[in-house]
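Protein chains: 2
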Amino acid sequence: MKKKTTIYDIAKRLNITAATVSRALNGNSKISEATRKLVSETAKEMNYEQNKLAQALKSGKSYNVGVIVPRIDSNFFASVIRGIEEELYPHGYHVIICQTHDQKTLETENINSLLNAQVDGVLMSISNAQNGNDDSFNALIKKNVPLIFFDRKKDIKGISSVTIDDFKGAYDATKHLIDQGYKRIAHLSNDRSILIFKNRYLGYKQAILDSGLEFDESLVIETHSKVLEGRKTMKKLLEMKHRPDAVFSSSDFTALGAIQEIKESGLRIPEDISVVGFSNEPFTRFMELSITSVDQSPIEMGKLAAQVFLEEVNNDKRVKSEKQVVLTPELIIRKSSLRTPITDKV
Amino acid sequence: MKKKTTIYDIAKRLNITAATVSRALNGNSKISEATRKLVSETAKEMNYEQNKLAQALKSGKSYNVGVIVPRIDSNFFASVIRGIEEELYPHGYHVIICQTHDQKTLETENINSLLNAQVDGVLMSISNAQNGNDDSFNALIKKNVPLIFFDRKKDIKGISSVTIDDFKGAYDATKHLIDQGYKRIAHLSNDRSILIFKNRYLGYKQAILDSGLEFDESLVIETHSKVLEGRKTMKKLLEMKHRPDAVFSSSDFTALGAIQEIKESGLRIPEDISVVGFSNEPFTRFMELSITSVDQSPIEMGKLAAQVFLEEVNNDKRVKSEKQVVLTPELIIRKSSLRTPITDKV
DNA sequence: AATTTTTATGTAATCGATTGCAGATTTTAT
DNA sequence: ATAAAATCTGCAATCGATTACATAAAAATT
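Top to bottom, those sequences are chains V and E.
Residue 1 is where the first sequence starts when you use UniProt numbering, and the numbers rise one by one after that.
Residue 1 is where the second sequence starts when you use UniProt numbering, and the numbers rise one by one after that.
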C-alpha cells in the first residue's frame with residue numbers, strides 16, 4: 001500500500017510547516033494568497049487527501065451518524081434512509097445503518113456499537129417490544145449524543161422527533177370506509193405500547209364514534225406486521241359469529257395477509273369485505289387488486305429528521321430544545337376499498 | 001458532555017503509565033496478573049471505553065467497511081447486507097451502506113466517499129450502465145483497499161467475488177418451462193454488459209438449444225428491473241404476430257409487470273402464458289398468483305462475501321490471491337408456471 | 001526614523017492509543 | 001554470592017491534523 005501523502009510531506013516539499021499547510025488547505029486564518037495557492041497546487045499534485053481519522057480524533061467528530069430501524073427491506077424504512085442520506089451527504093456525513101429486527105436486545109447492541117464507533121448522532125425508529133427499560137437511550141443522552149426519533153418514537157423529555165399524524169391517517173382511512181357504507185369495521189392493530197400503533201388505534205376508534213356507529217372492542221386485534229400474521233388474524237375475524245365487513249390494518253403487510261385469507265374464504269373484495277392498509281408500500285399499488293393505504297411521505301420524513309439532527313449538532317449547546325415535527329399523511333384510495341368502480345390510476 | 005475517561009486517567013489513578021494500562025487492557029504483552037486485574041477493574045469502575053478513533057488513527061484501520069448496492073429496498077440486497085452484517089459484526093466491523101440507484105456517477109461518488117471515510121474494504125454489486133470506465137475501481141485497487149464483488153461483478157484481475165451460477169439458474173428455469181410444454185419462450189433481459197444478465201441470457205439460450213426448440217432472438221428483449229418496464233415490454237411481446245407462450249424474466253419486478261399486462265390482456269396464467277422470475281423476492285410468494293422464481297440465497301451470499309473480505313484483510317499481503325465463489329441457485333416452482341395444478345406451498 | 005499595527009508563519013501541545021527500546025526488578029543458574 | 005536470564009514497567013515516539021500562542025517580517029502611523 002503506497003503511503004498516503006500527509007500535510008507533513010507537503011510541508012517538507014515546500015519548506016514550510018505542517019501548520020501552514022493545514023491552514024492554507026482549510027482556507028481559514030490569514031495565509032497569504034501566494035502560499036495558499038502554492039500549497040493547494042502542491043497538494044493536488046501530490047494526490048493529497050485529508051485523513052479523516054486524524055481529523056476525527058482531533059475534532060472529536062466522526063462525521064458518521066447511526067440510523068437504526070427495525071428492518072431495511074421495507075420500502076418505508078428504505079425510503080426514510082434515502083431521505084436521510086440525501087440530506088446528510090452534502091454535509092460530509094456518512095450513515096451507518098443498523099437493523100433491530102424488532103428485538104430489544106439487538107437494539108441495545110446496535111446503540112452500543114454505534115456509540116463505540118463514535119457516531120455524532122443517532123436517528124432511529126424504535127423496535128417493538130420495548131420493555132420499559134430506557135437504559136440504552138439514556139446511555140446516548142448521558143453522552144450528549146444527539147438522538148432523533150422518526151416514525152416510531154418514544155416520549156422522552158428533550159428528545160426531538162419526526163413523525164406523521166397517525167391519528168389522522170387512521171381517522172381518514174376509517175372515515176373513508178364508513179363513507180363507503182361499511183358498518184362493521186375491524187382493526188388489525190399492533191403493539192400499542194408503540195405510539196404510532198396506539199394513535200392509529202385511537203384514530204380508528206374516534207372515526208367510528210364520530211360516525212355514530214357502534215364501537216366494538218372485539219373487532220380490534222393486536223398482531224405483528226407480517227403477512228402470515230395478517231392471515232392468521234383475519235382467519236379469526238372471519239370465524240366470528242358476526243364477521244366484519246371491512247378491515248383497517250395498521251400495516252400493509254398484515255393487510256396483504258388479510259386479503260389472501262379473505263379470497264381463500266371465497267368472499268369478494270371490496271364487495272363483501274374491504275381492506276385498507278397503512279404505509280403505502282409499493283406492492284399495494286402493484287397488486288392486481290390494488291390496496292388502499294396511507295402514505296407517510298418517507299423520504300420527506302428522512303430529510304426532516306436529518307435536518308433536525310444537523311440543527312442539534314451545530315447548536316452551540318446553550319439551550320437544548322426539543323423539536324416535534326409532525327407530517328400529514330395522505331390516504332391513497334385503491335380498489336380494495338372502493339365499491340363504486342372507477343378507473344384505477346396505477 | 002462529560003469527558004470520557006482515557007487510559008491516561010486510569011494510569012494517573014493507579015500511578016502507572018498509560019503504556020501499561022494499554023497493554024494490560026489488550027491482554028497482550030507480559031503484564032503481571034496483578035496489575036492486569038487491577039487495571040481492568042479500575043477501567044470498569046471508571047467507565048472506561050476505548051476511543052475507536054484514536055485506535056483507528058494509530059492502526060490505520062477504521063473497522064468500517066463500505067457496502068455499495070444499486071438499492072436497499074429490494075429484499076435481495078437487503079438480505080445480502082444482513083448476511084454481511086451478521087458475519088462482520090462479531091469481528092468488530094461496521095457497515096456503511098451506500099446506494100447507487102444504478103447510476104454510474106453515484107457509484108463513483110460513493111466509492112470516493114468511502115475511501116475518504118477510510119473504510120477498510122468495499123463490498124459491492126456494480127450498477128448498471130458501466131461505461132467501461134474503471135477509474136473508480138482502480139482508485140480502490142491502487143490504494144490496496146480490499147474490494148469484493150457480490151452478485152453483479154466485473155471481471156477484474158485479482159479481485160475476488162461471490163456470485164451465483166446465473167447460467168444454471170436461467171437454464172433450470174427455462175428447462176422447467178420447456179418441460180411444462182411451453183414452446184415459444186421469451187426472455188426479459190437486462191443490460192447484458194453486466195455479467196449476471198449476460199449469463200442468464202446464455203443459460204436461457206442454451207436450454208432452448210439443448211431441447212431442440214427453435215431459438216428466436218426476437219423473443220429476447222432488454223429492459224430494466226422495474227415493474228412498469230416489465231409491463232411495457234410485455235405489451236410489445238403480446239403484440240407480436242406470433243406471441244410467446246411463456247416468459248423467463250431476469251428479474252422478479254419485470255416478471256410482475258409482465259403478469260399484470262398479461263392479465264389485463266385477458267390471457268390466463270399459466271394456462272395461456274407462463275411466467276418465471278428471478279431472485280425469489282418475497283412478493284413472488286405472497287401474490288395470489290404466486291410466481292415461480294430462482295432463489296439466490298442472499299444471506300449466504302452476504303456471509304461468504306464478508307468471509308472473503310476478512311481473509312483478504314487479515315492476509316499478510318504476501319500473495320494476493322483472487323477467489324471466485326459461486327453459489328448454486330435453486331428454482332422455486334409456483335403457480336405462475338405450473339400447468340398441472342398442485343397444492344401450492346406458500 | 002522610530003514605533004505601532006498588521007500580516008504571515010513557525011513552535012509546540014493536543015486528541016487517545018500503541019509499541020520498540022531500555023531500564024528495573026525478580027528469578028534462576030552457576 | 002554473582003552472573004545470566006526472565007519478567008515487568010516506563011520512556012518517548014508515532015499515527016495526521018488542528019490551533020493557541022509566539023515571533024518575525026512587512027506595512028502603516030506619527
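One should not assume that every hint holds.
When chains are identical, the list treats them as one kind, so a pair holds in a single copy or across two.
[To be verified] Heads up, simulated DMTMM-like pairs for lysine to aspartate or glutamate below, C-alpha to C-alpha not over 25 Å straight-line:
1. K37 - E86
2. K323 - D179
3. K235 - E264
4. K4 - E311
5. K226 - E85
6. K104 - D73
7. K44 - E239
8. K58 - D295
9. K143 - E49
10. K226 - E288
11. K303 - E33
12. K61 - E33
13. K235 - E288
14. K58 - D9
15. K4 - D134
16. K143 - D216
17. K263 - E222
18. K205 - E322
19. K61 - D120
20. K142 - D172
21. K143 - D9
22. K235 - D155
23. K198 - E229
24. K323 - D216
25. K232 - D179
26. K175 - D165
27. K303 - D102
28. K12 - D73
29. K198 - E33
30. K226 - D295
Think of the hints as simulated: they come from the structure by calculation, not from any bench.
Each hint, compared with the structure:
1. K37 - E86: Answer is neither: 32 Å inside a copy and 48 Å across each miss the 25 Å cutoff.
2. K323 - D179: neither (36 Å within a copy, 62 Å between copies)
3. K235 - E264: For K235 and E264, only the intra-copy Cα distance (10 Å) is at most 25 Å; the inter-copy one is 30 Å.
4. K4 - E311: between (34 Å within a copy, 24 Å between copies)
5. K226 - E85: Between copies only: 23 Å across, 27 Å inside.
6. K104 - D73: Both: 19 Å inside a copy, 23 Å across copies.
7. K44 - E239: For K44 and E239, the Cα distance exceeds 25 Å both inside one copy (73 Å) and across copies (57 Å).
8. K58 - D295: Neither, since 43 Å and 48 Å both go past 25 Å.
9. K143 - E49: Classified as between: cross-chain Cα gap 12 Å, same-chain 31 Å, threshold 25 Å.
10. K226 - E288: Close inside one copy (20 Å) and across copies (16 Å); limit 25 Å.
11. K303 - E33: neither (38 Å within a copy, 52 Å between copies)
12. K61 - E33: Cα proximity of K61 and E33: none, with 29 Å in one copy and 36 Å across.
13. K235 - E288: both (22 Å within a copy, 16 Å between copies)
14. K58 - D9: both (19 Å within a copy, 18 Å between copies)
15. K4 - D134: between (44 Å within a copy, 21 Å between copies)
16. K143 - D216: So K143 and D216 fail the 25 Å test inside a copy (47 Å) and across (66 Å) alike.
17. K263 - E222: within (22 Å within a copy, 35 Å between copies)
18. K205 - E322: This pair counts as neither: shortest intra-copy Cα distance 30 Å, inter-copy 61 Å.
19. K61 - D120: both (6 Å within a copy, 19 Å between copies)
20. K142 - D172: Neither. Shortest intra-copy (40 Å) and inter-copy (57 Å) distances fail the 25 Å Cα cut-off.
21. K143 - D9: between (37 Å within a copy, 18 Å between copies)
22. K235 - D155: So K235 and D155 fail the 25 Å test inside a copy (35 Å) and across (51 Å) alike.
23. K198 - E229: within (19 Å within a copy, 39 Å between copies)
24. K323 - D216: neither (36 Å within a copy, 62 Å between copies)
25. K232 - D179: neither (28 Å within a copy, 36 Å between copies)
26. K175 - D165: within (15 Å within a copy, 51 Å between copies)
27. K303 - D102: both (23 Å within a copy, 21 Å between copies)
28. K12 - D73: Result: close neither inside a copy nor across copies, 51 Å intra and 49 Å inter.
29. K198 - E33: neither (61 Å within a copy, 55 Å between copies)
30. K226 - D295: Both, since 18 Å and 21 Å are each at most 25 Å.
The earlier numbered hints that this structure contradicts are 1, 2, 7, 8, 11, 12, 16, 18, 20, 22, 24, 25, 28, 29.
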